[in-house]
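Enquirer: Each chain is listed here by its residues.
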Amino acid sequence: MVFSSVTFIFYFLPIVLAAYFLAGPKGRNFVLFFSGLVFYLWGAGEVVFLLIFLVLLDWIFAWLISRALLKQQERVKTLWVVLAVCANMGMLAYFKYANFFMAQVNQTGRWLWPGFSPLPDPGILLPIGISFFTFHGVSYVVDVANRRARALKNPVDFGMYMSMFPQLVAGPIVRFYQIAGQIRNRPVSWDQVFSGAVRFVHGLSKKVIIADSVCVLADQAFGVKTGLGAGAGWIGILAYSMQIYFDFSGYSDMAIGLGRMVGFELPENFRRPYSSVSITDFWQRWHITLTQWFRDYVFLPMSVGKKSEIRISANLMLIFLLVGFWHGANWTFILFGVYHGFWMVLERMTGQRLGRKVSFAWMWRIVTYLLVILSMVLFRAGDVGQAWAYYRSLLGFGHASGSPLWETGIPWQAVAALAAGLVTLFFPGTFVTGKYLETSDSKLAAGLRLGMTAGALTVCAVLVISRHFSPFIYFQF
Amino acid sequence: MRAVSLRMAGMIFLAWLALPLAMTPWTKAGNEKFIRDWEKRAPAAWTGIRHGREWFQAGTYQRISAICEDRVPLRSFFILAHNTASERLFGQDRFEKVDVGRDGWLFVRDAYDRPTENLQHARRALRLLDEFFLKPGRYRADVRVVIVPEKHLVYPENMSRAGSRDAGRFRWRHDLLKDFMDHHPSGKLLGLWPHYLRAKSRTRAWLYYPHDTHHTAHGAMVMLKSIVEFLQPGLWNDRDVVQNGRSKKIGDLTLMAALLRPHDWRMHLDLRRPGIRRVSRTWLGRSDVIPGDDWEDPLRIISEGPAGGLLAGKTLLLHDSAFQYSRDPFSRFFTDLTCRHYLDVIASDGFRYALDEYDRIIVEVGERMAVTILQNLFQSVTAESLARVHAGNLREIMPGRAVEVKRSGNDILLNYTHADPCIFLPGRKVPSQGDYALRVDISVSKPAVSQLFWLNAPRQTYSEARSAFRSLQTGRNYLYFPLEAEQAGLPLRFDPDTASGSCRIPAFDICRVAGCSEPRIFSGTASPDNSRYALPVLEQGRGGGRASLVQENLAASPAAGIARSEAGLALSASGNDPWLILPPVKADLGPHPVMEVVLDAPEKTLSQIFYLDGPGQGFREALSQSLTARAGSSRLRFVLPPAALDYPLRFDPGCSPGEYLIKSLLFRPAAGKLHRSGTEARTMVRQIYPYTMLLEVNEQTVGGITGNVQAKVRRQGNGMLVAATGDDPCIYLPRIGDFSDGDYILSVRMDSQRETFSQLFYLDRTVSAYSEARQAGRAVHAGPNELFFLLRAEHLRKPLRFDPGCHPGTYLIRSMHLYGAVPEPGEPPQVIQAN
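Residue numbers (this note's numbering), protein chains in the order written: chain A, 1 to 477; chain B, 1001 to 1835.
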């Protein structure tokens, strides 16, 4: 089930909200846990048992860890932590990467020994959202082990954290300690519902009005096998950069809004990433919860103590390799990670970092945006070959035989959406629309809030009801 | 300010959220009624969860989501708003299958944009048509083909730029058809395109509605006039056309695209031919009109008038939607006109039957569907080679005096240096039933006369009395010499010319002609009680739910040419989405019906079966199953939900182009017992099964049945034997009884010794004598048959008369079942014994 679907907006959400408010404080976690399972069952079917299994597993591990902590058995605790992390990561590795590794083994085998008989393709289907809920599981056990939070006694409470539908399948990745205090005790009020509603509508508009419209251009450009012209290529990559940003940040806004409706303050995931003045800055603004997760649970443990600059750079490179690989089992994602890691290290070495006041900020913003969108080719392309062909097209070596973008007439709706998306590039770097709409007390903000909810919601309803199914891009990760 | 605006915004959001649930009636029936009443569309059928494990299948929830999405209140209006805004604000000119042209004209993109069709397909279709007209007609009907142009060909100036470009890309199809018609010598083809263009230049009245695929009343009259003049010049008189009203209607393309368009005013024209009187107008043998008179339903109109005023004989009009409102006016020119949708006879046995049943057949072919229709209709009645003599088996030819037979490339080269050259060809054993011909593909360098001699018995000699001549033109000629089965089995003598010379012959073929091969029955081999499943009716391009406002019908065009061969059903797929539609099986095969297909695939591929679980739906991935088919032969077993058998099934043999061969196809319960289904595609098989059996006439009840002087009735084994001594045997069934009003179906299972024609006569309140006006006829094949007759309750109140055939011989009636309307749920089926 996706947030921008008829089933979710007009059937699932009203029923869940009604049940949540009718359940009373004691039953609310159960309502969220159960609704999360239904939400997952809806899209993943029997894989819901995997989620339930992981919930039970992590809950037991956390319980064992907390017991070891009580008894001050450091080695036992470490053992449980290692086992828990291995179980979660093993699950992720099996479901997400087994196919890829088997293919690599077969390819390498064929390359080394011509008579090599290939191993059978495991044909494992990727459970939706596994990259997110395994990270949640790891976060829980590590936070308990590090005494950042206490283990939950009630498995329903923990199940609710793991399966809470706003963040179940595409994040934000909520580190456990961030919301541990809200699990048993959180305020629920109509004002929060209303505030969450405004945020939800904001996200819905981003997804439905912008992302789903510009995807026409991106799909056409990336759908061309050969003969893509440079102009069409650049339009396609611009469109894809807008699509992925508005799609994912829209989803995050909806998740934060939904979380707020049920009393949770979920962390922000985006902060105008295309206004970044460097790649380092970009990763402080793009998919913030992912980078923070890697920072907290991978990078910092690796960088404990005084490390040399080379070691830190190597760690940084490794982290971005993992970030890329986390997105998918494909060489394109690995290259994506390496590309960003390279720029991060370079910026670190040249002193071009976040927080430093830069002159000619607009110029750096454009440069950074160009560097980012070039990496989006790797993000979108099906394989390295396609990505290479696309890069050639961008440089004018695509042997253009026509412009497929205009083959079926100019999609003005998509062009308008692209233009609207690009306008945001020129907003001041500190201005965040969602934040302004939520917090500003000005008349303009009030008018915008009302107008957006009434107008945009109507437009979104028309589009959601009349359009075909359009899944979120990040569901595939 | 912040708090107030947040609250107001939140309340707006909650109102939106609650609206659908608040508006939708919570009962299933109430919800459906709401959608029908408000949106004038058929809601997606609700599918329940039948098995426990379905609770944990993602497909179940996809299905439920699809239903929720379809059933959200006022969905059509949202789509309307979206499309209208897209068009007005962003100038979008494409809405699924519809192009928005200039001045708001709408065109259906399918009319020109059929990417699965290619030149090869079109040429094959035309070759089949060509062959059909060129071969000797061993059937009764005079066949005429009318090609109806598409709207965009008559009004190209109203198309959008994108539409013009797309149409230009597929212009070759129109050019090919036009060129073929212009140069075809048979004179049996009529292209209406120039007639429309002429009419357009003469009148300001539109020939097509701007917002509809169909032509206006003016356009219809242009079409009728052209056809009537084509059939018999001088019969048409412009003064007979009268206006008989106006109506307001929304265009079908407006509905299809969900766009805001004004209603079209529609002028109605009629034909009032002086002296022509209608005698009867019947649907499926019934004299009363079925409510909701649908243009796709078979209609028969009998008229009478002064001599020369009507075209005599039985005429069959095979039409598509161009005749939507023109069937009645058209009937004013015929003594006996039957109008049927072409799909009703597209199964080869259907068309063969029609060829022998009617004096005249007019086939309306819209250009959009031309390739598909021609290919499917005429491949079944063109010659099928059973035996071939060619350059590879040259030694089978015995040359006559002074004739040299040698190979030249792939051809046979005959050189003859004396007059009266001849060669002898071997005979080939062929089944005794059927008509055959020797087809000779021959190229000569000068005009000549060829002659074929045949024998009727082994020891005969060749004589002029048993020979036939064909004149040859310079160049390539196709010769057809009709033969009986016995003649084909004996050596033939062929004289290529009367003088010396030479000729080149790629092959001699002994062909089956005047119809296709016998309908091939697919049979299983698993158990002795395997029953057979009739060849599926091909329904290429005919999606369900035409009336649905929201387009969820088949989006992809079929990419399969279909042909029968001795080995099975051959599908030639040119694209990666070939499919064929199987008619509903309508049988109770237990909780796990199995469809078993033996398929020969050209390469490893994915076969897929699509099923429906409710009326008014289109096929979609959510309701489908896939199995991998190996390269070569595979046996695929699809376990279907029981409800799937109540609706058509779509079978995709593979997902890549190539030649597929379906060797057998059968349905059975998972336990192993197999089911039989009806074998007559053109009868009302589809309508029969929702009915419950009410009456069974079998060997226990023969006593209530009497025969006339030409029919002696007695019990034999498990049936009732009717021994016919003349050509008009009949039996009288006892009065069946008083049933409540409604439709009833009489099913007769009967074995016949030969091909013949059965009739069921009935009486109603007003008459007490049997007559041709109250009867229904069914063609009977040699062997087992199952015949269906539709009856009303009043017909059952008086005795029925059944004529098993129109030839002397024996007819074994195995059973007669009367089926009534489905009882209310929970009510057990009622079985009434005759007597």
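Treat the hints with care, since some could be wrong.
[Said to hold, decoys possible] Capping the alpha-carbon separation at 20 angstroms, the derived lysine to any residue pairs in SDA-like fashion look like this:
(1) A:Lys435 with B:Lys1097
(2) B:Lys1097 with A:Gln413
(3) A:Lys443 with B:Lys1097
(4) B:Lys1040 with A:Gln413
[As the list claims (entries may be wrong)] Selected chain B positions facing chain A (in silico; Cβ < 8 angstroms):
(5) Phe1013
(6) Tyr1061
(7) Ala1081
[Said to hold, decoys possible] Okay, the calculated beta carbon distance ranges per label pair:
(8) B:Thr1628 with A:Phe101: 19 to 27 angstroms
(9) B:Arg1637 with A:Phe101: 29 to 37 angstroms
(10) B:Thr1628 with A:Leu83: 34 to 42 angstroms
(11) B:Ala1029 with A:Gly451: 36 to 44 angstroms
(12) A:Leu83 with B:Lys1604: 52 to 60 angstroms
(13) B:Thr1628 with A:Leu374: 54 to 62 angstroms
(14) A:Thr108 with B:Asn1410: 43 to 51 angstroms
Hints are computed from structural coordinates only; laboratory data are not their basis. The beta carbon of each residue, even a glycine, is placed where N, CA and C say it ideally should be.
Enquirer: Each hint needs a verdict: does it hold in this structure or not?
Expert: Hints and how they fare:
{"no.": "1", "hint": "A:Lys435 with B:Lys1097", "in the structure": "43 angstroms, violated"}
{"no.": "2", "hint": "B:Lys1097 with A:Gln413", "in the structure": "19 angstroms, holds"}
{"no.": "3", "hint": "A:Lys443 with B:Lys1097", "in the structure": "46 angstroms, violated"}
{"no.": "4", "hint": "B:Lys1040 with A:Gln413", "in the structure": "29 angstroms, violated"}
{"no.": "5", "hint": "Phe1013", "in the structure": "4 angstroms, holds"}
{"no.": "6", "hint": "Tyr1061", "in the structure": "4 angstroms, holds"}
{"no.": "7", "hint": "Ala1081", "in the structure": "5 angstroms, holds"}
{"no.": "8", "hint": "B:Thr1628 with A:Phe101: 19 to 27 angstroms", "in the structure": "24 angstroms, holds"}
{"no.": "9", "hint": "B:Arg1637 with A:Phe101: 29 to 37 angstroms", "in the structure": "34 angstroms, holds"}
{"no.": "10", "hint": "B:Thr1628 with A:Leu83: 34 to 42 angstroms", "in the structure": "39 angstroms, holds"}
{"no.": "11", "hint": "B:Ala1029 with A:Gly451: 36 to 44 angstroms", "in the structure": "40 angstroms, holds"}
{"no.": "12", "hint": "A:Leu83 with B:Lys1604: 52 to 60 angstroms", "in the structure": "43 angstroms, violated"}
{"no.": "13", "hint": "B:Thr1628 with A:Leu374: 54 to 62 angstroms", "in the structure": "40 angstroms, violated"}
{"no.": "14", "hint": "A:Thr108 with B:Asn1410: 43 to 51 angstroms", "in the structure": "50 angstroms, holds"}
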